[in-house]
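Undergrad: Residue numbers (my numbering), protein chains in the order written: chain G, 51 to 286; chain F, 51 to 286; chain Z, 51 to 286; chain X, 51 to 286; chain Y, 51 to 286; chain P, 51 to 286.
Derived from the structure by calculation, the hints contain no laboratory data.
Warning: the hint list may mix true and false statements.
With a Cα cut of at most 30 Å, we get these calculated BS3-like pairs of lysine-lysine [claimed, not checked]:
hint, chain 1, residue 1, chain 2, residue 2
1, G, K98, Y, K191
2, Y, K98, F, K191
3, P, K98, X, K191
4, F, K191, Y, K103
5, G, K191, F, K98
6, G, K103, Y, K191
Protein chains: 6
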Amino acid sequence: MKLSFANERVLAVVAHPDDAELLCAGTLARARADGAAIGLCVLCQGDKGQPAKPISNLAAVRRRELAAAARLLGAELFCAGVSDGTLSDTTLTRQKLIAIFRRFRPTLVLTHALEDYHPDHRAAAALAEAASWFCASRGHKAGAAPLTAPPALWWMDTLNMSGFVPGFYVDISPYLALKEQMLACHRSQLARSKRKDFAPLADLMRQQCQARGSQAGVTAAEAFCAHHAFKRGRAW
Amino acid sequence: MKLSFANERVLAVVAHPDDAELLCAGTLARARADGAAIGLCVLCQGDKGQPAKPISNLAAVRRRELAAAARLLGAELFCAGVSDGTLSDTTLTRQKLIAIFRRFRPTLVLTHALEDYHPDHRAAAALAEAASWFCASRGHKAGAAPLTAPPALWWMDTLNMSGFVPGFYVDISPYLALKEQMLACHRSQLARSKRKDFAPLADLMRQQCQARGSQAGVTAAEAFCAHHAFKRGRAW
Amino acid sequence: MKLSFANERVLAVVAHPDDAELLCAGTLARARADGAAIGLCVLCQGDKGQPAKPISNLAAVRRRELAAAARLLGAELFCAGVSDGTLSDTTLTRQKLIAIFRRFRPTLVLTHALEDYHPDHRAAAALAEAASWFCASRGHKAGAAPLTAPPALWWMDTLNMSGFVPGFYVDISPYLALKEQMLACHRSQLARSKRKDFAPLADLMRQQCQARGSQAGVTAAEAFCAHHAFKRGRAW
Amino acid sequence: MKLSFANERVLAVVAHPDDAELLCAGTLARARADGAAIGLCVLCQGDKGQPAKPISNLAAVRRRELAAAARLLGAELFCAGVSDGTLSDTTLTRQKLIAIFRRFRPTLVLTHALEDYHPDHRAAAALAEAASWFCASRGHKAGAAPLTAPPALWWMDTLNMSGFVPGFYVDISPYLALKEQMLACHRSQLARSKRKDFAPLADLMRQQCQARGSQAGVTAAEAFCAHHAFKRGRAW
Amino acid sequence: MKLSFANERVLAVVAHPDDAELLCAGTLARARADGAAIGLCVLCQGDKGQPAKPISNLAAVRRRELAAAARLLGAELFCAGVSDGTLSDTTLTRQKLIAIFRRFRPTLVLTHALEDYHPDHRAAAALAEAASWFCASRGHKAGAAPLTAPPALWWMDTLNMSGFVPGFYVDISPYLALKEQMLACHRSQLARSKRKDFAPLADLMRQQCQARGSQAGVTAAEAFCAHHAFKRGRAW
Amino acid sequence: MKLSFANERVLAVVAHPDDAELLCAGTLARARADGAAIGLCVLCQGDKGQPAKPISNLAAVRRRELAAAARLLGAELFCAGVSDGTLSDTTLTRQKLIAIFRRFRPTLVLTHALEDYHPDHRAAAALAEAASWFCASRGHKAGAAPLTAPPALWWMDTLNMSGFVPGFYVDISPYLALKEQMLACHRSQLARSKRKDFAPLADLMRQQCQARGSQAGVTAAEAFCAHHAFKRGRAW
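Build the full structure now, drawing on both the sequences and the hints.
TA: As structure tokens, this is what we get:
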């Protein structure tokens, strides 16, 4: 039994440049292979993810790393340019995100879990949830014409799996290699792994895909939970 | 076994002009019949709920629709005048709502569930919860004198029942007709139903009252959950 | 706001002779005062609740203590006579309990929480839940004629409140004294309190009524949670 | 996005002859149309579901009704022959069910929710869960050879939706008519609807499919929740 | 079995001057006795906690009461000076709190539960959670050097225990007397108890310590729940 | 911060001969090193855990494997001798387990989670929970004298972590090697790993300890959840 993403337009809404690589890139890659259009919306600049040896133009560096990863995936890239650690669900940022939704016109949105460990991630989740409603509201003016219907919305796993109750699993076994290549683009962040105060991201990601895979009977999986709220619910 | 609302002062705090009609008007009508005083506090203008054929002075139109519905119910009406889609739990809006609480002086507040599908609804819930505490705090200056005790607070069902776990049910069978008449006042919104991107509200409302009624052994019911927080809890 | 038990027939289904005194006697007393008929069904003999100085004919002693407490309450008493520590949801015991339901014909059943601390209590809960369904099934032969409809069912608090999430509270302030008198009938059990391996039951009971009262804004309360399952749900 | 049941062998394990019609027949019909093999395992005889005017050979009547419904669906039928109201998770009944699993060899099992309203349904759920594990254990001797791997297992919705949290929805819009025809085969049960102590089953079923459909954006849906336990979990 | 706080640096982050006394002072006292360094960070001034007879310079009075209580405990005191009822998780207040974390350098943070009854408490919880992450982020500039690792974080009980599910209990029996002395320092607040709209705080606190103690087999206990989010989780 | 098991008597109650190795052996080894007495109670014979090439005297073989593992740990071994797949919470097996409790006299019991994936594991959990209460009841006759107080009880993680919400984590980093050696004793079971229908147990165990370790900031951890029921709760 397989979910097909064939006619979908999948938009991942994440906080930082490497979050999709950690939590949903396998599913995005699989959807792409199924024929879906993929969008990647990164709300923060990644400007505070400094390695031990600080990088002065970090935001620009991370933007390039991100662009490289998005190219590997074949995803259209959207950046909201908010400074790390300051993301919150304000009217202004909501409007920005609604406009992005109206440009990409997703049928499915993937975003962080509301119970995620990082304040920026939780803010991204609140923003994506709000935008998933307002993007289809005729009365809300923001960028292009409103969508004809709100997209579905799935909450992503948390890093380390703490506090997340999977609703279902997506088999990403054939796409784990691409996920690793994408993560490898984020060299500024992998550099952080060398200090003891930062987990080795690549190991963490692989370990998590294996653990979720074990729960689901495959080599590698990503876990999600569907948002069943009004008009965002779907029957398969 | 029946709950009597006889000596209560019931204030519904909702986001948009037609929200009470969808989620708690039956209970308000029943409380009114029991002899309770009814207040209806609508935080947003409803200015973005545009039908396919846009209405230029929509906020004014909806205000009139709302007033007509409130008259049917015999409710005192309070409007906070916030623009749709921008409601949030700020100090300013909180102060406005505390002042409304101090005017109406509720013993019971009905508001949206924290897990509701609409960002404005969740903001209304957060505001009502905050006001239910601060309205009785002598140190908080806002409008009239503080209440002598915080009101009880009940969370309302969500539209479509997704994600809401009922704590108890109120039998509204004799008041379903009035609920329908009240909803019928909101002509600008019923007009939206004709497009496929908007559910036929009257059907949705009736279907939900029946489903909740089936769960509770009556023709029509509304579901609620009591907020058991400090000083808002009650024993019946 | 008060729930009236006026026309109800309330049956408490508990495991041991003193369980009602600990967890629901205040509500039973109040229902009695409202004019309800009260039944008390005790499934086990209490034959293993030995104090430090063992009582040889303990089951008989406890039966007398129980009868005295039931008299104070004005409750009709039903005993199923199962040996302590062996209660389980078998067809035989189920049939016994269905027959009791068909004699007393309750409209409301109070029983232990499924998450209770004591294996006999959990078995009593499972039995009461099953009987609340089968008592109204024409095809099930057990004692008198089937009820015309299943009774409502409420789960009682746990001793010490661990693991129980109250759905609502019943104000028992005027009935706390009677509850204490009823508990005082169980002298064989109060004797156990003198050893350090057994909590002083009267203190524990009073402390719990106060704590639930504090949560609900009254001097003393008992907490319950309604079972919303098919045909056992009610609207108030 | 659609789940395809094409290569599955789907076995519904229910307690009574009409339970599949109420809770999963739409999904079974859809799976059948996808090309899946369908099995229907009914554990009880339905011998106690008496209408007002009792039917003397009720078990035989219901067996015929069931066979007619299964024919409409094109399902292979398995009956365990337990008397209504006595189903429990014993070694003997477990063995019977394991043997049925080893004959039909399911890849996906649908069964009642553990929190269902009916004691027989909960027993069926426990039995199906146990059999989903032991059917693939080489050391357990029961009927044919063990399966090479445990099937996936999905919990079905409860009647009336009380207490069930959907994990995902299956669109059954094109199969609602067949579901109604199947339910119409159970004439002995529909006869019960005429008394006020029994809900009109056909209405209840249709209302529930609509309500679940509203939550999921389709005309009619059935809700399920996947069992993620060891070896029963799947990635899609 | 005992947890030792010997080498910890424990920082309580609370909203109002008397919140630590109500919810965690016993644990702080015990940690102090174990040899831990104790910090107490109070985010609001307490300027709106007016007794019936208003105190004009209330913030100053409460600051003195707080200082006296902190002295009894031997805690380093940090005050963020926000006005009561206006606390929220803004970038500015977050930065203030991050700077406080970087001065005290906690290994363990105690803060309000996210489901607490008071809006300021919930804001304090959100701020402490955010600061527990950002305090260790090299890219975030705020006061002193970043911590080498995020502290552990425990959620405190709610006043009245409503809505809080304890993860574990800390035995504070030997420290209850000190907790009471600390609470007695807050004379402006105890004065509020005389009116019927304000619970007698000392009774409430003692009752809660006893109830949690009963759940945990000791005279007096405080309940907590560990935050298991990324890098805040710990193994004991 | 560390929990010390120094004066404890820790009894693991598991279903099959290799379950402790998979879920709690690290904690047992650490408790042993702290000076605790360790008991290992295995309820089933393991007689149905057949590898591809069946072993005729499997129960005897597994008994030897188990004894070897217990010797490595320094644990006193108790076997209840129930046949695999037939374990249930009957009066008889309960009595057997109560007698074992009264011989070993535990202060802390570790057992399977109630939500575990395996029916025998869930039965073991129910039995251990029941025994943790009845072992201290003077009225229950079973083997030696009753304990003076019920032991604490912790629920263990599930295999694969599905459905288990950790309450706290025990650092077992120094004991992972011993855990692996103990598991290696179960050669009959490791032989099963070679077939594709059985997970490679050693990998699964190591992966799980790492994943739980990642959540808790250590190399390897085991997750538990405390049972807070009456008299089984503890304050640390």
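Undergrad: Would you mind marking each hint as holding or not holding in the structure?
TA: Now the hints, each set against the structure:
1. Between K98 (chain G) and K191 (chain Y) the alpha-carbon distance is near 9 Å, which keeps this suggested pair within the 30 Å criterion.
2. In summary, the hint linking K98 (chain Y) to K191 (chain F) is supported, as the alpha carbons are separated by about 9 Å, within the 30 Å threshold.
3. For a cut-off of 30 Å, the pair hint linking K98 (chain P) to K191 (chain X) stands: about 9 Å separates their Cα positions.
4. For the proposed pair K191 (chain F) and K103 (chain Y), the alpha carbon gap of about 15 Å is at most 30 Å, so the pair holds.
5. In summary, the hint linking K191 (chain G) to K98 (chain F) is supported, as the alpha carbons are separated by about 9 Å, within the 30 Å threshold.
6. With a CA separation close to 15 Å, the supplied pair K103 (chain G) and K191 (chain Y) stays within the 30 Å bound.
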